[in-house]
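Enquirer: Going by this note's numbering, the sequence shown opens with residue 127, and the numbers climb by one from there.
The set of hints was computed from the structure by calculation and includes no laboratory data. Nothing here was measured: the structure is a model prediction, and the numbers come from that model. Just so you know, even glycine gets a beta-carbon here, dropped at the ideal spot from N, CA and C. There are no misleading hints in this set.
Pairs of lysine-lysine residues, derived as BS3-like cross-links and limited to a Cα-Cα distance of at most 30 Å, are as follows: (1) 195 <-> 263; (2) 195 <-> 154; (3) 263 <-> 231; (4) 251 <-> 231; (5) 376 <-> 429; (6) 276 <-> 251; (7) 276 <-> 231; (8) 276 <-> 154; (9) 441 <-> 164; (10) 195 <-> 231; (11) 276 <-> 195; (12) 441 <-> 376.
Distance windows between CB atoms, simulated: (13) 224 <-> 430: 57 to 65 Å; (14) 205 <-> 332: 19 to 27 Å; (15) 330 <-> 385: 37 to 45 Å; (16) 321 <-> 359: 49 to 57 Å; (17) 234 <-> 261: 12 to 20 Å; (18) 370 <-> 220: 46 to 54 Å; (19) 220 <-> 324: 37 to 45 Å.
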Amino acid sequence: MEENVFELRTDLSQLHEAVEQMRNEIGKVIVGQQEMVKLIMAALLADGHVLIEGVPGVAKTLTARLVAKCIALHFSRIQFTPDLMPSDVLGTSVFNPKEGGFQFKRGPVFGNIVLVDEINRAPAKTQAALFEVMEEKQVTVDGYSHSMEKPFMVLATQNPVEQEGTYRLPEAQLDRFLFKITVPYPTEEEEVAILNRFHQTPGEEIAAQLHAVLSATQISELRRLVRLVLVEEKLLQFIARLVTATRSHKSIYLGASPRASLAIMMSAKATAAMQGRDFVTPEDILEMAVPVLRHRIILTPEKEMEGATEDDVIKEIIHAQEIPR
Numbered sequence: 127m128e129e130n131v132f133e134l135r136t137d138l139s140q141l142h143e144a145v146e147q148m149r150n151e152i153g154k155v156i157v158g159q160q161e162m163v164k165l166i167m168a169a170l171l172a173d174g175h176v177l178i179e180g181v182p183g184v185a186k187t188l189t190a191r192l193v194a195k196c197i198a199l200h201f202s203r204i205q206f207t208p209d210l211m212p213s214d215v216l217g218t219s220v221f222n223p224k225e226g227g228f229q230f231k232r233g234p235v236f237g238n239i240v241l242v243d244e245i246n247r248a249p250a251k252t253q254a255a256l257f258e259v260m261e262e263k264q265v266t267v268d269g270y271s272h273s274m275e276k277p278f279m280v281l282a283t284q285n286p287v288e289q290e291g292t293y294r295l296p297e298a299q300l301d302r303f304l305f306k307i308t309v310p311y312p313t314e315e316e317e318v319a320i321l322n323r324f325h326q327t328p329g330e331e332i333a334a335q336l337h338a339v340l341s342a343t344q345i346s347e348l349r350r351l352v353r354l355v356l357v358e359e360k361l362l363q364f365i366a367r368l369v370t371a372t373r374s375h376k377s378i379y380l381g382a383s384p385r386a387s388l389a390i391m392m393s394a395k396a397t398a399a400m401q402g403r404d405f406v407t408p409e410d411i412l413e414m415a416v417p418v419l420r421h422r423i424i425l426t427p428e429k430e431m432e433g434a435t436e437d438d439v440i441k442e443i444i445h446a447q448e449i450p451r
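Put together the whole structure using the sequences plus the hints.
Expert: Written as structure tokens, this is what we have:
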């Protein structure tokens, strides 16, 4: 009897079913924005953080809340402002007269899914407070380290238009986000669907009816399954070619780091698993390349003056590569 070479080596039915349940629950409230929902779910499975860029009113904050609600996780929201101090985010030591000593009072960053609204509003000192917690999943205050509960994910938003009173995110911090998601306006048909859905029932009432479909323990198990997804050697070489091409391209001043290669690999494994496959295809890599790389490269001034975007240059690099089959 011949061996079935297409037989799945890893049972991903539980993961695929969980993803579909989450999509259905979120779809009860959110109209359209499938790409944003998909990438946030992929980042959750790949254990990464997400930067969401879009104009006000396109459901960035609402989507983050719904994701947390669907996974029965602790959701925390931090509104970044110019006067926000690091202790307002991380927490601080408070003197307890009963105990006769200091006790650490946790800040709002201690959550499972942390939404940082308008991350570019806070000064560099406060933005830097997120460096350690995003990379090492811990906070160090007064010489003591405090670990975050798992899973831990930062969803940060920023407005692409309004620049007054904002601070540009440093490259080191941008590099710690797995994806940068650009959220477009809904289409006219989607806008009509939004009006039909909410003209009688407020969105808060609909969101209150959502059910949790996953627990923190189940998320840990799904992440373990994602790590088991197979990536062939030729695809690893393809990822490396894409990333190294950003470092020598004539239109790019600063190319992507090795962290970008790891991000493409992990996100490609996550999106493959979400589709019920235990192996990565070239299409998975191509789909993840743009959201992984767009915030990790800096274009030359000449290219920016031409009106080109990071997405345009990344697609140009992709088209110049030979796709493995």
